[in-house]
Each structure stands twice: as structure tokens, then as C-alpha cells.
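If you're matching them up, the sequences are chains A and B in order. The numbering of the first sequence is the numbering used here, which starts it at 1 and goes up by one. The numbering of the second sequence is the numbering used here, which starts it at 1 and goes up by one.
Here are the simulated lysine-lysine pairs, BS3-like style, with alpha carbons at most 25 Å apart:
#1 K261(B) to K9(A)
#2 K295(B) to K340(B)
#3 K69(B) to K29(B)
#4 K261(A) to K10(B)
#5 K173(B) to K222(A)
#6 K69(A) to K29(A)
#7 K116(A) to K402(B)
#8 K261(A) to K9(B)
#9 K402(A) to K69(B)
#10 K280(A) to K9(B)
#11 K173(A) to K402(A)
#12 K295(A) to K280(A)
#13 K29(B) to K9(B)
#14 K69(A) to K402(B)
#15 K402(A) to K116(B)
#16 K402(A) to K72(B)
#17 K226(A) to K340(A)
#18 K402(B) to K120(A)
#19 K226(A) to K120(A)
#20 K295(B) to K323(B)
#21 K120(B) to K402(A)
#22 K280(A) to K323(A)
#23 K402(B) to K72(A)
#24 K173(A) to K222(B)
#25 K261(B) to K10(A)
#26 K295(A) to K339(A)
Everything labelled a hint here was simulated from the structure, so no lab data went into it.
The chain contents come next:
Number of protein chains: 2
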Amino acid sequence: MEFMTGTVKKDTMEISDFTKAGYEGQRVKVNGAIHTIRDMGDVAFVVLRKREGLLQCVFEQGRSGFDLKDLKEAATVEIEGTVYSEERAPGGFEIRMETVRVLSEPYAPMPIEISKWRLKTTLETNLNNRPIALRNIRERAKFRIQEGIVRGFRDFLFGEGFTEIHTPKIGAKSAEGGANLFRLEYFHRPAILQQSPQFYKQMMVGVFDRVFETAPVFRAEKHNTKRHLNEYTSLDFEMGYIEDFTDIMAMETGFLQYTMKLLSSDYAKELAILDVTLPKTDQIPTVRFDEAKQKVAEKYNRQIRNPYDLEPEEEALIGAYFKEEYDADFVFVTHYPSKKRPFYAMDDPADSTYTLSFDLLYHGLEITTGGQRIHSYPALRNKMQKRGMTEDGMEQYLAVFKYGMPPHGGLGIGLERLTMQMVGEDNVRETTLFPRDLSRLEP
Amino acid sequence: MEFMTGTVKKDTMEISDFTKAGYEGQRVKVNGAIHTIRDMGDVAFVVLRKREGLLQCVFEQGRSGFDLKDLKEAATVEIEGTVYSEERAPGGFEIRMETVRVLSEPYAPMPIEISKWRLKTTLETNLNNRPIALRNIRERAKFRIQEGIVRGFRDFLFGEGFTEIHTPKIGAKSAEGGANLFRLEYFHRPAILQQSPQFYKQMMVGVFDRVFETAPVFRAEKHNTKRHLNEYTSLDFEMGYIEDFTDIMAMETGFLQYTMKLLSSDYAKELAILDVTLPKTDQIPTVRFDEAKQKVAEKYNRQIRNPYDLEPEEEALIGAYFKEEYDADFVFVTHYPSKKRPFYAMDDPADSTYTLSFDLLYHGLEITTGGQRIHSYPALRNKMQKRGMTEDGMEQYLAVFKYGMPPHGGLGIGLERLTMQMVGEDNVRETTLFPRDLSRLEP
Chain A
1 MEFMTGTVKK DTMEISDFTK AGYEGQRVKV NGAIHTIRDM GDVAFVVLRK
51 REGLLQCVFE QGRSGFDLKD LKEAATVEIE GTVYSEERAP GGFEIRMETV
101 RVLSEPYAPM PIEISKWRLK TTLETNLNNR PIALRNIRER AKFRIQEGIV
151 RGFRDFLFGE GFTEIHTPKI GAKSAEGGAN LFRLEYFHRP AILQQSPQFY
201 KQMMVGVFDR VFETAPVFRA EKHNTKRHLN EYTSLDFEMG YIEDFTDIMA
251 METGFLQYTM KLLSSDYAKE LAILDVTLPK TDQIPTVRFD EAKQKVAEKY
301 NRQIRNPYDL EPEEEALIGA YFKEEYDADF VFVTHYPSKK RPFYAMDDPA
351 DSTYTLSFDL LYHGLEITTG GQRIHSYPAL RNKMQKRGMT EDGMEQYLAV
401 FKYGMPPHGG LGIGLERLTM QMVGEDNVRE TTLFPRDLSR LEP
Chain B
1 MEFMTGTVKK DTMEISDFTK AGYEGQRVKV NGAIHTIRDM GDVAFVVLRK
51 REGLLQCVFE QGRSGFDLKD LKEAATVEIE GTVYSEERAP GGFEIRMETV
101 RVLSEPYAPM PIEISKWRLK TTLETNLNNR PIALRNIRER AKFRIQEGIV
151 RGFRDFLFGE GFTEIHTPKI GAKSAEGGAN LFRLEYFHRP AILQQSPQFY
201 KQMMVGVFDR VFETAPVFRA EKHNTKRHLN EYTSLDFEMG YIEDFTDIMA
251 METGFLQYTM KLLSSDYAKE LAILDVTLPK TDQIPTVRFD EAKQKVAEKY
301 NRQIRNPYDL EPEEEALIGA YFKEEYDADF VFVTHYPSKK RPFYAMDDPA
351 DSTYTLSFDL LYHGLEITTG GQRIHSYPAL RNKMQKRGMT EDGMEQYLAV
401 FKYGMPPHGG LGIGLERLTM QMVGEDNVRE TTLFPRDLSR LEP
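Let's have the full structure, built from the sequences with the hints guiding it.
And the structure:
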């Protein structure tokens, strides 16, 4: 009988292995995809693309025990050779090749030049060749940073006593939001795809007090803008026993601070590749919705057209205002008008035209919506009634309030938008592995 | 201008705060939901349900500055009182109440008795009252263990150089598997919900070498069995530069070993609540599919009806066999018949009737399917052709092979099934927060 006893230690080396001293002059084995071959005659530079970065290997006529013609760009190979210091190589060393084993070969020339430092394609071409375009070093670095954000979110919240949950994405039609829902047939019953885990995370506050989820959400919005996706990853949390809605903003500030540290330490290479300057998170200004509108109207000489909503241009100006006045990358805009917030948002007892809610803007773009929720059963039913909503299909949601819920609130963060702002892209599709929009369902 | 400067330190205490010595005789503030009230006359025990467990508070007539009648089960409260050691209380201490602030009140008596140690309801009643049923201490403990499994999966793979990815769940109709797909309309185009991130994770092996995803998958299967769900959480990974498919099994063994340690250290309380004995993972036997069938046929005097598939009963017997013969909780069954595996599975060069693939059984139930994939472009097209498959709609998937892919493989683990086996439940709905099956679309 054979047994598996655990992870196999490989005899091939990764780039970070070389940072440990003592490999100079040693014979090693490495593998990777051939990113580029630069043939200089007697010598050729064969650059391998590995998960941790690029690795320079050197072919020397006569010394390397194979023919350079055996190697093709985009082939994957396993190379044996000797390590030498070389200041001009990435990482400060190179491998002089002795033998090569070809693991796989490409069958056509690359449709786009992924080995260029910057992809010289339109976004359309990039997305049409997405699995290949992502092999570009800068393209893939964005998604390592995205990983760091999600990791920071989870690790920070674990440390704050949150429990991770997994809630269903297929659901029955509910009373909330109708127009933006994708509909499907579920064994001859009408069903929808969840546009947010809102109701579920509230239900789970009654179970674990503090919960979070990092999962896809689906919005059948017909916007085809640079900042909308029809499917995106939402970082959601919900917490009970809050004093007021500033507890939620404080928690988000803590998450951002934690994550910037994590990115600085564990994703420094990718930040350098993309030349990212991390945003300041030590103090994030807060401003009321109505005040923010007033401030930008005055400073930028702009008329307020709609007192109940922020236009994208207004959000951008609020971002500019707080950058100019306070050197702030983020700003919390609080007390959104009640009529623009969902029924479960808690109205401000001081003025029920407004809610105890907020958006977080990052360089003038909304990346978070959050706030305190109504936790009183009669108050919730009362607000639904005022809005002319039916309780049909809402029984299970309402039950958690009927049987006791603590004061609570939470937020949702759009992962792709947060990544976009951080790496300085201007289209959210640039920071989505495989975007879904009005026209794009593939790949 | 006001600023948010980070997480607010609360003046209310959590249970783990008390494990630090020195609170005896001190006045503290705690909050929570009233799980039970046991009125003994002059004294009453008010047990709070907090995220970390139960906390015993004591009401004393005359000493507590309020009336016991102010408190109701299922209310949420904030209590001030003094800490005293009390051996018979959970955690070895109790809080003698001085003042109470009621944060919220219930509006109806509980529909099920959640404060019982075991819920005395049918599964049907449990699921019909799911958000309330989950407030039971044993019910919620299952999902803390589930959190630990996902956490172990991610943390182990981060340590092994994997990158986390987020791939779309809405897609165009593809050539693979048709019957089990949920269909929806995507802006007047036919679309499907992904039954697995298979193609995307393979595409991403070309980018990051090693990738993983923890996300929902959707299967429109018409099975209504104890082990099927129509939506579940899949723990997927895919890795390049493998020597052979045993690299995948070794990686899974490493994950299981890592996770059992994490559960022992960080989830000991929940393991104790559910009386879970963690499975042995130091060595996991492997057996060929055909040998496994033969072994159980002989030992249990059973006829082999279908040589190309394992019936659920056969899987259970294989589990029993390896428990009896090797005291093994897990067993890898390898070399599944090619005709029962998807087109991308790599056939065994020694006998193409079989594939270089495996399932992992846990106490006789399949919790993982994995294996090596075809990485050669002509080999892949050839196999598709043999199966009479069209390349229409598969262009983007095929492109990654055309432009070079390393040898690779991976697996998918059903999170809810793994949790079910670990906590000893016999229906996968017991370890799903909000299950989706043929008849259940709510809550």
C-alpha cells in the first residue's frame, strides 16, 4: 500500500530561494515559461517568467549543452545551470544554462506582445485575449495587489472577532430592488441572483455578532461606464452591538490601515512594478453629504442640481476638494438622504430626511456604501409600510428582528474599484480578471 | 473637520478578555443576547450569548439595581457588574449584575427552542427557521469549524506560493457539461452559471503558476440526496510544473495536515462543543480505482455491477475497508476510468482507459475530485474531437494551450461535504448556512 504523507519538497528552486545567500557557483534546477529570448550571437539571454518574477538565464555557445534553436518563446522548460552574481539581471543574479528539458511548446506566435513592459494594446484587445494578456508582468501584478487587499480584509476582521460566512447567490425574488436583478429559472420556479449579501449578513449578526463575506454579487444594471460591472467581488461585513454608525467607519479605517501595512511588507515587489504610492490612511476626514455638496459648489463654482444625490462629477470634486484642503486620499461622506438609501437604512433621529449612513470615496470614486441598519421590528415594518413595500417573501428576513436583534450596521466594498483606484487605472475592467459587462460574457 | 483614525477600542468586554487574570472583583461592562433566564426566586441566572460563547450573569434581588421582569429571553442587553470566580459557570466565572441597559427587545416568543443544547427539531423545521436555528450554540459551532477549514486552505496555499483569484460565475454557454447548468438571460443573450471555475483556473496557471479560489459553484442537478446541493462552496486549486498527479494529492495532504493543526489550536472550543475527533492525516493510503472495487467486492462479498463508476454504497465500503485495514479516515482512489472523467483529464499513457486522476474519500464519501490535465494543445484538441465535441465557444480556453501551458493539475473540494464528515452529520444541509436544493430556495 502506498501512502501520501504531505507536501513534496521540490528540487526546483523559486526566485525567493536565491535571496538566501550561498547559491553563488552552485548548480541548481529551475523551471518557468520562456518570457523572452534575446540572441546576441554567442550568448543569449533567456528570461524565464516565474510566479515570483523574471529570472535571467544565459545561454553560452559551446558551454550550454543544447542548441538555442531548441528554445522558443512561450515554451515551458526546466533548466539546470550554475548561479552567478550579475548586477544587471533582475534580482542581482543569473543562471548560466547547462541543460534544458522542454516541458511544453506553443503552437502559434503570441497574438499580443506580452513581454513588453507595458502592453501596447487597446483594452478591447487586451480583454479579447485576456488569459494571454494577463501573462504580462504589469497586468498580473495588479491581481497580486488585489489578492493583498482581500487578504488584508479577512485577516484584519479575523483579528477583530468576525466570522467568515458563505451565503447563497441564488435566491427567491425579494421585495428589495427589482430592476437590477438577473433572473433565472430554478427548477420551474422564478429565482434571482443576489445583488448583495445584505439580508444574509444581517441574519448572521444574530448568530455570530460580527460576520464578513468576500464573494461575487450580480447587478443587471444597464450602465456601460468605466466604473460599473455586472458581476463583481464584494467585501462585506456586518457587526452588532455598535454605539452608532461611526463604529463602522472606524472599522473600515482600521481595515485600510492594516491592509496598507500588509501591502507594503508582502507586496512591495508588485507595488514597485506598478509604481504605486499607497494612499494615506492615518486619518480620514468625514463630511456630511449636504455640507460636501455645499463645499464643492462654492469652491468650484458649481450649481447644485439634485440635492438628494451625488453625481459622479460631484464625487470627483469632493475627492479633489479633500485632496487639496487636507491632502486626503479618502473621505467619508455621511448622512445620505433617506430617499436614496434602502428601506433598512436607519434614519437620523435628528432629521429623518437623512440616514445614519456613509459612502467612502477614494480619489473621488465611491468604493464603499455602509451605515447603521434598523434593528427594531416595529420600526422596520413601519418604514416598509411607508414605502409601500409588501412583506411577502420577506418573512424570514423580518423574523430575525421579531426574535431580537442588536443594534448593528455594516458595509460593502467593491474590490475591483478599490484595486483600480490603488493602482491608478481609470477603468474597472483593468482590475477585473474576466470582466462581465453589457457586451462582455467571455472569456 | 472630524477624522476617523482607526478602530475604536470598546469599553465592553469579550469572553476571551476574562481569561487574562486579574478581573476578580472588578466592575466590568458586557453585552450580548439573553440566551436563557433561570429564575430561582431571590437569585436568577441570566446567560448571555456572545460570539465567543455563553456568559453567566447573576441577578440578585436587592443588589441588582433593576427588576428581573425588565429582562426577556432574546433581548439584547448591556450589563454592568462585578466579576466573581464560579467553578460551575462556563469559563469559571460569572458576573453579578448591577445595572442593565436593554438594547433591543423581541416581539414574539421563539419559534424553536434554541437555548436547548441540542435543537429538538426536524431538519425541515430547522431550515424553515434557519436564521433563528443557527443561534443555537451547537448549530453555529459547525460554521466556525467551516470557517477554520477555509482559512486553513487559504493560509496553507499562500505559504505554498499560490495566488488567490476571483473568476466570473456568469458565463457564455460552453462545450462542457450541458445538462447540469443553470441558464439565465444576460441582456438578451443566453448565459449560464459556472458549475466549476475549472477553465478559469487553468487559464490562470499560465499567469501565476499556482492559483486557488474559494467561491460558490452552481449545479442544476436533479438529485435530492443527502449529499447534493445545487449551490455549494468549492475550494479549488490548480498548479503548474507538476511532475505527475501525485503532486496534487501531496498538496492536498499538506492542506489537510495544516488545517487539522489550525483547528486543534484555534477552534478547540467548537471541536469540544460538537465532540469532534479530528481525522488522521499523517498518512493517507492511495489505491487504484479498479483495485479498490476488487478489494471491497472480495471483502464484503459484493458483485461489481458497473466497472466504470463507483456507486455511493461502494464508496462507503471503500471507506470502511480502509478504516478497518489501515485505520485510515481518508483514502485517495486513483486512476478513474477515462469515460467518466471530463475531456481535459489526462489519460494514463500506460492505459488510456484510465486517467491520471483521483477522488479523495473521507469516511467513505467523495469530498474531492482532482487530477492532472492535458497541457498539450494537439492532445487536447484530439481528445475533444474523439469525443465529438465542438471547439465553438472554447476558443479562449484552447488559446492558453496554443500559446504554451506547463504540465499542471488541480482539484476541487466540496466545503460543505468536508465539514459534514468532520462534524459527523449525515446530511450536507446540516453544514450549509442556507442550503439550496430542488425544493429549497429560501431563506
